[in-house]
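K.L.:
Okay, here's what each chain looks like letter by letter:
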Amino acid sequence: MKYVTKKILGLIITLLIVSMLTFFAFELIPGDPARSILGTDGTSEQVQALREEMGLNRPLPQRYGEWVLDFLHGDMGNSYYYQKSVQDLIGDRIPITVTMTLLSFSMILLLSVAVSIFSVRYANRLFDRIFLIVDQVTMSVPPFFIGIIFTAVFGLAFHWFTPGGYVSYEKDMGGFIGYLILPSLAIALPRAAMAAKLLRSSLLDEMQKDYVRTAYSRGNGPWRVLLRHVLGNGILPVVTFLGMTAADIIANSIVVEQVFGIPGVGRMLISSISKRDYPVVEAIIVLIAVVTLVLNTLVDVLYKKLDKRIELI
Amino acid sequence: MKYKGRSYNFTLGLGITVFMVALILLGFLWTPYDPDAMQGSLKLNAPSLLHLFGTDQFGRDILSRVLVGAGSTLVIAVGTIVIGGAIGVILGAVCGYFGGWLDEGVMRICDALAAFPSVLLALVIISIAGSGKYKVMAALGIAFIPSFARIVRGEFMRLRESDFVISARLVGVSTPRILFVHILPNILPSLLSSLAIGFNNAALAEAGLSYLGIGVQPPDASLGRMLSESQTYLASGVWCAIFPGIFLVLLVLGVGLLGEGILDRFGGGR
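Going down the list, the sequences are from chains A and B. Just so we're aligned: 52 in the working numbering is position 52 of the first sequence, and the numbers increase by one with no gaps anywhere. So the working numbering is basically just the index in the second sequence, starting at one, shifted up by 1000.
By construction, these hints were calculated from the structure, which means they are not laboratory data. Please note that a few of the clues may not be correct.
Stated by the list, open to error - With a Cα cut of at most 30 angstroms, we get these calculated BS3-like pairs of lysine-lysine:
| id | chain 1 | residue 1 | chain 2 | residue 2 |
| --- | --- | --- | --- | --- |
| 1 | B | Lys1133 | B | Lys1043 |
| 2 | B | Lys1133 | A | Lys275 |
| 3 | B | Lys1135 | A | Lys275 |
Stated by the list, open to error - Far from chain B, by Cβ distances over 12 angstroms, these chain A residues were calculated:
| id | residue |
| --- | --- |
| 4 | Leu111 |
| 5 | Val239 |
| 6 | Pro263 |
Even glycine gets a Cβ: it sits at the ideal position worked out from N, Cα and C.
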């Protein structure tokens, strides 16, 4: 219990630092937000009035405090460009990115476990050797290039899907998930390759231990030993890696959304960066950082729960 | 960590890396064609003996463009690990060796920075400072500081109470000398392998950012931008996508293998 409390305290401190860094970083941007909303037509009186209205004339620490409080209440500020609140802008995009992240994560988990189990079962045989080569190459391919290859092969050659033909989840849930499968797989493959490599070496380490011999001597077959005895222990070191995977998936989804024309949070982020729509950029970035941090803390706590051998203070 | 059989990672990685880097360096001096010369009669020509990688939608030679684009990637990736590595090593060394409140503070900030996926942090910096080759380099360099600092800190903490450090201290060696002449060489294998990982992450991040149009800006050629432009012509000129992509993959593969090979061969107390 003490461990969990300590972790949560650490999380809160880190979140505070993240929010400060982001807030003050965006304060450094040259230029006046009021001026950029009004454009060059605005008179200096109008700019002054808008500054007063937006609260820009108040001291910085006070504005930081208000920004954090508003954020906690779900008010993420207003877009300069769309004249709408940020939560309205990204509200219906969040489910898209979340679905993609979840799909990718399940694929990483399934693929890495399945492949590494086979490769350990047949260690140093043909399957394992081929796996090692394919795995190393897959690790080196950027997800957006995999996405382009998928588009060329499955979209243009096999006509399995229409590139850019995104289906909204409000219209057709099945079609929506169907369209997201290839993008999610593109994000998942390199990461799954890394996880599989880690898992393979961790499983091979476990196979050398005494309890494995005991398990065999009690008449268990090789598959049963692997699945029932070794996998549970061998997967532990990989849990931390899988936790960090969340951040990686989200970062890559920013690019892959662009490849497949998916209107997710990442696309909003990129278009806001090019439009210099800072409140949107700021809000999305803080949101991603919060999600990542919370997930990482959850993984640490989960790891502790899974492995009774670790006794941290 | 090792299983039967010898590891060929180092040899293979070194081979691929040297080959790719040599090709890219050659590209700085000489390319088969002018990478920016457009030729209307050669639009989207398939690979041939004259144009080994084919030509793009403007009739430009893809091989020449790939060489020059990979050059940007190489410069940015090397710059990133030099910036991130230098600052990260100093921070990590000082924090790991001295510990205390300084360590606590710096590591908290590193944790906070590490919460951002490094591409995202680079995006923040780029959205504030603007895009372009050197800004991307600086942005990625800053984004990579925490990862290097953490690794170096761990190693320094491990070694600070070891016999050779204590003896050096007793003899009266100055602290900077202990840090960088006595301890640093001992952590080279793990430092080098993390630099290799950093190089790859930087190369992939640069390609991703340029793909999004916020990395390297024209007229500088870049693999990411070539890939993004190629998508429009996927049906009629798939080679526009394949070659820049494969070039990037080979570079990353080579450096990745090299990094692992260094650990296999010279060991790094994992």
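K.L.:
It remains to establish, for every hint, whether it holds in the given structure.
P.N.:
Verification of the hints:
For a cut-off of 30 angstroms, the pair hint linking lysine 1133(B) to lysine 1043(B) stands: about 28 angstroms separates their Cα positions. A hinted pair counts as satisfied when its Cα atoms are at most 30 angstroms apart, and lysine 1133(B) with lysine 275(A) qualifies at roughly 20 angstroms. At roughly 18 angstroms between alpha-carbon atoms, lysine 1135(B) and lysine 275(A) fall within 30 angstroms of each other, so this suggested pair holds. For leucine 111(A), the shortest C-beta to C-beta distance to chain B comes to about 19 angstroms, beyond the 12 angstroms cut-off, and the non-interface label holds.
The claim that valine 239(A) is not at the interface with chain B holds, since no C-beta of that chain comes within 12 angstroms of its own (minimum 18 angstroms). Against chain B, the non-interface label of proline 263(A) holds: every CB pair exceeds 12 angstroms, the least being about 15 angstroms.
Consistency note: the structure conflicts with none of the earlier hints.
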